[in-house]
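Sequences listed follow chains A and B, in order. The numbering of the first sequence is this note's numbering, which starts it at 11 and goes up by one. The numbering of the second sequence is this note's numbering, which starts it at 204 and goes up by one.
There's no promise every hint is true.
As the list claims (entries may be wrong) - Listed below are several chain A residues computed to face chain B (Cβ distance under 10 Å; list not exhaustive):
1) F56
2) N67
3) V88
Said to hold, decoys possible - In silico contact screen, one side only, chain B against chain A (beta carbon under 10 Å); selected entries:
4) A205
5) V207
6) G245
7) F263
8) P264
9) S289
10) A290
11) L291
Claimed, not checked - Using C-beta positions, here's what the derived DEER-type ranges look like:
12) B:I215 / A:P50: 19 to 29 Å
13) A:N37 / B:E257: 43 to 53 Å
14) B:L286 / A:P50: 21 to 31 Å
15) B:N274 / A:D65: 34 to 44 Å
16) A:A80 / B:A283: 21 to 31 Å
17) B:Q221 / A:S79: 26 to 36 Å
Keep in mind the hints are simulated off the structure, nothing from the lab. Every residue gets a Cβ at the ideal spot worked out from N, C-alpha and C, and that includes glycine.
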Amino acid sequence: DQQVKQNSPSLSVQEGRISILNCDYTNSMFDYFLWYKKYPAEGPTFLISISSIKDKNEDGRFTVFLNKSAKHLSLHIVPSQPGDSAVYFCAANNAGKSTFGDGTTLTVKP
Amino acid sequence: DAGVTQSPTHLIKTRGQQVTLRCSPKSGHDTVSWYQQALGQGPQFIFQYYEEEERQRGNFPDRFSGHQFPNYSSELNVNALLLGDSALYLCASSLGSRGGTEAFFGQGTRLTVV
């Protein structure tokens, strides 16, 4: 039973356009959601987060949206840059325990 | 600031052996979590240590055990290794055990069981 799902294993976007990465979850006890970015041979790096009491958080080119009724969150990257090419993981926290999705590989083409 | 450091970076063990992986958290962090990441999957939570105690545990057998030292560094021990234990083992540090803050990850230890 996978509690956090990223249904798109890969996404390809043109440089300058918007990248939208999606994540669905099933456990309504999750109270904090995070996005991590991972380059090959490195550990995941924190990108942006959102508390369950909010529906949007923005940080520069990155915005996370949370729809609690749909148990869905998304990460928007605008504009996308070639350096954004990486694997993106969605994670959900409950009492300090993080549950990760399987990741979406984003490729931004110049 | 050295960030989260893990050792060793790569390790090859034989089935049935035991292994110990090490993690030093980011300066100022008091909580260490361990994850197992199989190829093509996301990190799977093994357990979390805070104040030298195991606070949370994921769905892993008792062959997986850990320890946190007074300086907040941590070890992950795996006994009776199975071929299926081959994976990338990630350590993450954070401040406080209740969550709500981002975790900082090390580069991982690649364990291969043959």
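Taking the hints in turn, this is what the structure says about them:
{"no.": "1", "hint": "F56", "result": "holds (4 Å)"}
{"no.": "2", "hint": "N67", "result": "violated (12 Å)"}
{"no.": "3", "hint": "V88", "result": "violated (22 Å)"}
{"no.": "4", "hint": "A205", "result": "violated (13 Å)"}
{"no.": "5", "hint": "V207", "result": "holds (7 Å)"}
{"no.": "6", "hint": "G245", "result": "holds (3 Å)"}
{"no.": "7", "hint": "F263", "result": "violated (12 Å)"}
{"no.": "8", "hint": "P264", "result": "violated (17 Å)"}
{"no.": "9", "hint": "S289", "result": "violated (17 Å)"}
{"no.": "10", "hint": "A290", "result": "violated (14 Å)"}
{"no.": "11", "hint": "L291", "result": "holds (9 Å)"}
{"no.": "12", "hint": "B:I215 / A:P50: 19 to 29 Å", "result": "holds (20 Å)"}
{"no.": "13", "hint": "A:N37 / B:E257: 43 to 53 Å", "result": "violated (21 Å)"}
{"no.": "14", "hint": "B:L286 / A:P50: 21 to 31 Å", "result": "holds (24 Å)"}
{"no.": "15", "hint": "B:N274 / A:D65: 34 to 44 Å", "result": "holds (40 Å)"}
{"no.": "16", "hint": "A:A80 / B:A283: 21 to 31 Å", "result": "violated (43 Å)"}
{"no.": "17", "hint": "B:Q221 / A:S79: 26 to 36 Å", "result": "violated (48 Å)"}
The structure is inconsistent with the numbered hints 2, 3, 4, 7, 8, 9, 10, 13, 16, 17, although it conforms to all the rest.
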